[in-house]
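Trainee: Sequence:
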Amino acid sequence: MVYEKITNIYGFVLSKKQFIIKLSKFNMVGVFNTIITYLIYSLLVFIGVNYACALVVDYVVGMWISFSLNKKFTFKVSEPTSFNMIFKMFFSCFILFLLNLFLLSFFIEIINFNKYFAQLIVLIIVMIVSYLFQHLYVFKNKNFA
Numbered sequence: 007m008v009y010e011k012i013t014n015i016y017g018f019v020l021s022k023k024q025f026i027i028k029l030s031k032f033n034m035v036g037v038f039n040t041i042i043t044y045l046i047y048s049l050l051v052f053i054g055v056n057y058a059c060a061l062v063v064d065y066v067v068g069m070w071i072s073f074s075l076n077k078k079f080t081f082k083v084s085e086p087t088s089f090n091m092i093f094k095m096f097f098s099c100f101i102l103f104l105l106n107l108f109l110l111s112f113f114i115e116i117i118n119f120n121k122y123f124a125q126l127i128v129l130i131i132v133m134i135v136s137y138l139f140q141h142l143y144v145f146k147n148k149n150f151a
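Counting from 7, one number per residue, gives the positions in the sequence shown under the working numbering.
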């Protein structure tokens, strides 16, 4: 059901094999990116940086890693990086950042979750939304090869 919705939103269809391969590659990049950025977030919080400021640094580094690796490895975009592509990535990350900050603040300030555990929970939600943004918006092309 999720497969059909994702692959038909903009009128293109990926085979199930293509979909699984792209999703697997995205998740590998995501796991690598998440490990690096979570370590950055945790280190900054550990040394006393406010969690929201730590999240900003986390996102700047994560955006660069995600854009670079997903462009080449996951979505195999061969066209040169354009201002439009970077803008779409920045816009997507900005929306994801706001979602992350809202959910993180909710879990920390309202529910009183631990700052580290809260970010782990929120990352799961943000990862799903990030895939959809990058697949359907940032790296959208006609071939989806």
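Hints in this document: simulated from the structure, not taken from any laboratory. Quick caveat: nothing in here was measured; it's all calculated off a predicted structure. Hints may contain errors.
Quick list of in silico lysine-lysine cross-link-like pairs, DSS-like style, CA-CA up to 25 Å [to be verified]:
id: 1; residue 1: 78; residue 2: 22
id: 2; residue 1: 82; residue 2: 121
id: 3; residue 1: 82; residue 2: 94
Trainee: Please go over all the hints and tell whether each is borne out by the structure.
Mentor: Hints, one by one, checked against the model:
1. 78 / 22: holds, 21 Å
2. 82 / 121: It is violated: about 36 Å lies between the C-alpha atoms, which goes past 25 Å.
3. 82 / 94: Holds, because 17 Å separates the two Cα atoms, which is no more than 25 Å.
In the structure shown, a violation is registered for the earlier hint numbered 2 alone.
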